[in-house]
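Could you put the whole structure together from the sequences, leaning on the hints where they help?
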Amino acid sequence: MFARSVATHASPTRAPERPTAAPESSPRVVIFGSARPVTCAVMDYARRLHEAIEAQRPGFVAIETIEPGKSFAFVAAIVRALRAGAVAHFELPIEGWGDSVVPGSALMAARLLTRRGRVAVTLHEWASLNRLRYLSTIPDLIAADGFILVSPRQRESFSRTPWVSRAKKDAAAVIPIGPNVMSGDIDATRVAQERARTRGEGALRADVVLGFFGVLYASKRPDLLLRVVASLRDRGVKARLLVCGDFLWDKPHDRAAFLELAHTLGVAEWLDFRGRIDDQGELLATLSASDVFLLPYSDGVSSRRSSFQAVSQLAVPLVTTKPERPDEFDLVPALREKIDSPATALVPVDAAPEDYADAIMTVLPQKDCAVGVSLDAIWREAAAKHLAFYDCLLERSGAGRGDLDRRVARWMDVAE
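Those letters in the sequence shown? Residues 8 to 423, by the numbering used here.
These aren't lab readings, by the way, just hints derived from the structure by calculation. Ideal Cβ positions, reconstructed from N, Cα and C, are used throughout, including at glycine. One or more of the hints may lead you astray.
Below, in silico cross-link-like pairs of lysine-lysine (PhoX-like), each with a Cα-Cα straight-line distance of 20 Å or less [to be verified]:
1. Lys-392 <-> Lys-175
2. Lys-176 <-> Lys-374
3. Lys-374 <-> Lys-245
Quick list of the computed label-pair ranges, beta carbon to beta carbon [claimed, not checked]:
4. Pro-259 <-> Leu-139: 16 to 26 Å
5. Glu-208 <-> Phe-67: 22 to 32 Å
6. Cys-376 <-> Gln-287: 20 to 30 Å
7. Pro-65 <-> Thr-271: 46 to 56 Å
8. Ala-195 <-> Asp-347: 41 to 51 Å
9. Ala-210 <-> Pro-340: 40 to 50 Å
10. Ala-210 <-> Asp-334: 43 to 53 Å
11. Arg-212 <-> Arg-387: 39 to 49 Å
12. Arg-167 <-> Arg-202: 39 to 49 Å
Right, dumping it as structure tokens:
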């Protein structure tokens with residue numbers, strides 16, 4: 008079917024494409040995502056972004072979710088948006104992607120069916136992207152008119168890809184993400200109840216509660232979390248691991264392997280696995296019951312990690328890995344304050360469980376020095392920069408793609 012569409016599209020006798028009539032209330036940007044149950048933070052991010060933009064320009068952006076496995080429905084929805092003259096915006100990786108190549112080629116398939124509209128792609132991962140996922144993304148990269156990266160490191164890595172023109176790479180914007188969980192009024196009574204529940208009683212009463220927040224997958228090193236608990240136990244410290252988050256739904260065996268490892272290490276009874284908590288009040292109260300947060304990112308802590316941003320808002324000590332770049336938090340100074348706190352310990356990414364255990368025992372006495380930072384401004388700034396980016400993509404002044412790319416870069420400088 009697609010081969011036939013390509014041939015028709017390329018025909019020199021093809022009649023000019025007529026725009027699809029769109030009501031005045033139609034959104035100018037459609038953010039596409041998965042209708043699968045959310046476990047990945049990317050769709051949480053998309054919804055937060057939509058809310059922030061809605062506050063500044065109501066009705067300008069909409070979110071459309073589709074089952075990733077419904078290939079034709081996915082492509083058809085993108086084509087409808089493009090034919091209406093809108094920006095089709097993908098946040099990659101798509102939730103529920105799994106082993107499917109559809110999300111990595113849907114934009115290209117849609118572009119072969121219409122020349123109207125604009126295609127935008129936000130790459131939440133690039134430097135550490137799985138090789139197979141990278142290869143499956145190539146068609147969408149070629150089809151895209153504009154790119155957004157979520158950190159300078161990701162943009163630097165993206166600049167080396169051979170699949171995108173130099174003009175588009177130079178024009179790619181860096182817009183830091185905001186936290187998917189915003190701290191608000193936390194119920195002290197609820198926190199006390201969660202603390203008592205998590206701490207336990209009698210022989211199973213924990214000396215320290217290690218909190219983890221986020222989606223569990225390889226770069227979050229779930230196995231290391233358990234090995235740190237075992238290391239603390241070996242030195243006589245009863246540590247309970249409180250996990251607020253879950254494994255990706257399309258990796259069903261990962262959770263079973265995690266629980267099996269807990270039994271193998273003899274720490275299963277010291278694991279409090281809560282899974283994903285959708286109620287924000289309950290989530291914040293539960294996280295606040297932690298004595299120390301443990302986030303052992305395999306690629307170093309960074310501004311693109313929404314899990315790090317979420318816990319940074321709470322005045323709780325933190326142990327995490329050293330950032331890869333010294334300027335990692337230059338765009339988000341508030342996060343630098345959390346990193347520089349005496350109640351934060353940074354360990355090398357290749358540190359052993361014993362090193363993490365040492366760091367935990369070091370920051371515990373510094374609990375009164377722990378800071379919770381305010382990140383309220385991040386979403387307002389992200390919304391403003393996205394609007395500038397979208398406005399530039401939507402310009403129809405007859406400029407070539409190279410001119411368009413240069414204007415995107417200029418608009419982003421103005422937005423900053």
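Cross-check of the supplied hints:
A distance of roughly 17 Å separates the Cα atoms of Lys-392 and Lys-175; the hinted pair therefore holds under the 20 Å criterion. Pair hint Lys-176 plus Lys-374 does not hold up; C-alpha atoms about 44 Å apart against a cutoff of 20 Å. Simply put, Lys-374 and Lys-245 have alpha-carbon atoms about 18 Å apart, close enough for the 20 Å limit, and the pair holds. As the Cβ distance of Pro-259 to Leu-139 is approximately 19 Å, the hint placing it in 16 to 26 Å holds.
A hinted range of 22 to 32 Å is violated for the C-beta pair Glu-208 and Phe-67, which are about 53 Å apart. As the Cβ distance of Cys-376 to Gln-287 is approximately 26 Å, the hint placing it in 20 to 30 Å holds. With their beta carbons about 53 Å apart, Pro-65 and Thr-271 fall inside the hinted range of 46 to 56 Å. Evaluation of the 41 to 51 Å hint for Ala-195 and Asp-347 yields a failure: the beta carbon distance comes to about 27 Å.
A hinted range of 40 to 50 Å holds for the C-beta pair Ala-210 and Pro-340, which are about 46 Å apart. For the pair Ala-210 and Asp-334, the supplied restraint of 43 to 53 Å holds, since their beta-carbon distance comes to about 48 Å. Taking 39 to 49 Å as the suggested C-beta distance range, the pair Arg-212 and Arg-387 conforms, at roughly 44 Å. The hinted range of 39 to 49 Å is satisfied by Arg-167 and Arg-202, whose Cβ atoms lie roughly 47 Å apart.
Checked against the numbered hints above, the structure breaks hints 2, 5 and 8 and satisfies the rest.
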